[in-house]
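**Q** Spelled out, the chains give:
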Amino acid sequence: EDKVVQSPLSLVVHEGDTVTLNCSYEVTNFRSLLWYKQEKKAPTFLFMLTSSGIEKKSGRLSSILDKKELFSILNITATQTGDSAVYLCAVKKSGGSNYKLTFGKGTLLTVNP
Amino acid sequence: EADIYQTPRYLVIGTGKKITLECSQTMGHDKMYWYQQDPGMELHLIHYSYGVNSTEKGDLSSESTVSRIRTEHFPLTLESARPSHTSQYLCATWEVGPQGWETQYFGPGTRLLVL
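Chain order of the listed sequences is A and B. Mapping of the first sequence onto this note's numbering: residues 842 to 954, in sequence order. Mapping of the second sequence onto this note's numbering: residues 890 to 1004, in sequence order.
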């Protein structure tokens, strides 16, 4: 059975701190890993990673994938209260007709002023 | 980004009522999905469609049904709502971009409360 495990489940930090969120996975025929940010409503897309060792960056957020060790990390530097959200990791399998994602339970990040 | 619309955004309804949650998208995406998400819990895929007249059940068993008569619309119906159906329902589409880039975009969701 495919599994996506995120840790920690919950994290509370102060503004300005740097956080690292973890996502490990066990899937057959891995294709890509996606990170989403979910505030009160729908998840919004952050990154898609397919290759090992290549960092994706967007402002204070960055992510990297390790396909050998089957995990990814999402880093947020100089956190702000607006970063408070649930961060979801999802994995897509390869295959011509496979367009589904397996989601982890998410990490709830709370950034206090 | 995909433009995905869901109505209603919030619905409070009594047990036994029939309800339809609407989802529409303007990007012409073939692949559409319905997820169910309870508060603080993970997303569970309940239905998906890879095109007109194509629908499949997802990983989580659901008493709801879906239809895909037009590319733009993917409505979800509950024939007889029960309190156990109380949840957030998220509609999504799949976009494939250049060089194999692909992702799933989500609508704003419908929060359903069945009394």
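Please note that a few of the clues may not be correct.
As the list claims (entries may be wrong) - Derived DMTMM-like pairs (lysine to aspartate or glutamate); straight-line CA-CA distance at most 25 Å:
1. K934/A with D948/B
2. K946/B with E961/B
3. K941/A with E856/A
4. K882/A with D919/B
5. K882/A with E856/A
6. K878/A with E991/B
7. K844/A with E961/B
8. K946/A with E991/B
9. K934/A with D843/A
10. K878/A with D948/B
11. K941/A with D919/B
12. K878/A with E984/B
13. K844/A with E880/A
14. K920/B with D948/B
15. K941/A with D892/B
16. K844/A with E910/A
17. K906/B with D919/B
18. K946/A with D927/B
19. K908/A with D927/B
20. K946/B with D919/B
21. K908/A with D919/B
22. K898/A with E984/B
23. K906/B with D892/B
To be verified - DEER-style ranges, computed between Cβ atoms:
24. T909/B with E856/A: 39 to 49 Å
25. E961/B with V853/A: 21 to 31 Å
26. E856/A with G905/B: 28 to 38 Å
27. P954/A with E952/B: 40 to 50 Å
28. I902/B with N863/A: 15 to 25 Å
29. P928/B with K844/A: 14 to 24 Å
30. Q988/B with K908/A: 15 to 25 Å
Calculated from the structure, these hints are not laboratory results. Source: prediction; values computed, not measured. Beta carbons are placed, not taken as given, at the ideal position from N, Cα and C, and that holds for glycine.
**Q** Would you mind marking each hint as holding or not holding in the structure?
**A** Structure-based check of each hint:
{"no.": "1", "hint": "K934/A with D948/B", "in the structure": "15 Å, holds"}
{"no.": "2", "hint": "K946/B with E961/B", "in the structure": "19 Å, holds"}
{"no.": "3", "hint": "K941/A with E856/A", "in the structure": "35 Å, violated"}
{"no.": "4", "hint": "K882/A with D919/B", "in the structure": "24 Å, holds"}
{"no.": "5", "hint": "K882/A with E856/A", "in the structure": "23 Å, holds"}
{"no.": "6", "hint": "K878/A with E991/B", "in the structure": "17 Å, holds"}
{"no.": "7", "hint": "K844/A with E961/B", "in the structure": "32 Å, violated"}
{"no.": "8", "hint": "K946/A with E991/B", "in the structure": "21 Å, holds"}
{"no.": "9", "hint": "K934/A with D843/A", "in the structure": "10 Å, holds"}
{"no.": "10", "hint": "K878/A with D948/B", "in the structure": "22 Å, holds"}
{"no.": "11", "hint": "K941/A with D919/B", "in the structure": "13 Å, holds"}
{"no.": "12", "hint": "K878/A with E984/B", "in the structure": "18 Å, holds"}
{"no.": "13", "hint": "K844/A with E880/A", "in the structure": "23 Å, holds"}
{"no.": "14", "hint": "K920/B with D948/B", "in the structure": "16 Å, holds"}
{"no.": "15", "hint": "K941/A with D892/B", "in the structure": "19 Å, holds"}
{"no.": "16", "hint": "K844/A with E910/A", "in the structure": "14 Å, holds"}
{"no.": "17", "hint": "K906/B with D919/B", "in the structure": "31 Å, violated"}
{"no.": "18", "hint": "K946/A with D927/B", "in the structure": "11 Å, holds"}
{"no.": "19", "hint": "K908/A with D927/B", "in the structure": "31 Å, violated"}
{"no.": "20", "hint": "K946/B with D919/B", "in the structure": "16 Å, holds"}
{"no.": "21", "hint": "K908/A with D919/B", "in the structure": "30 Å, violated"}
{"no.": "22", "hint": "K898/A with E984/B", "in the structure": "21 Å, holds"}
{"no.": "23", "hint": "K906/B with D892/B", "in the structure": "29 Å, violated"}
{"no.": "24", "hint": "T909/B with E856/A: 39 to 49 Å", "in the structure": "44 Å, holds"}
{"no.": "25", "hint": "E961/B with V853/A: 21 to 31 Å", "in the structure": "42 Å, violated"}
{"no.": "26", "hint": "E856/A with G905/B: 28 to 38 Å", "in the structure": "49 Å, violated"}
{"no.": "27", "hint": "P954/A with E952/B: 40 to 50 Å", "in the structure": "44 Å, holds"}
{"no.": "28", "hint": "I902/B with N863/A: 15 to 25 Å", "in the structure": "40 Å, violated"}
{"no.": "29", "hint": "P928/B with K844/A: 14 to 24 Å", "in the structure": "22 Å, holds"}
{"no.": "30", "hint": "Q988/B with K908/A: 15 to 25 Å", "in the structure": "18 Å, holds"}
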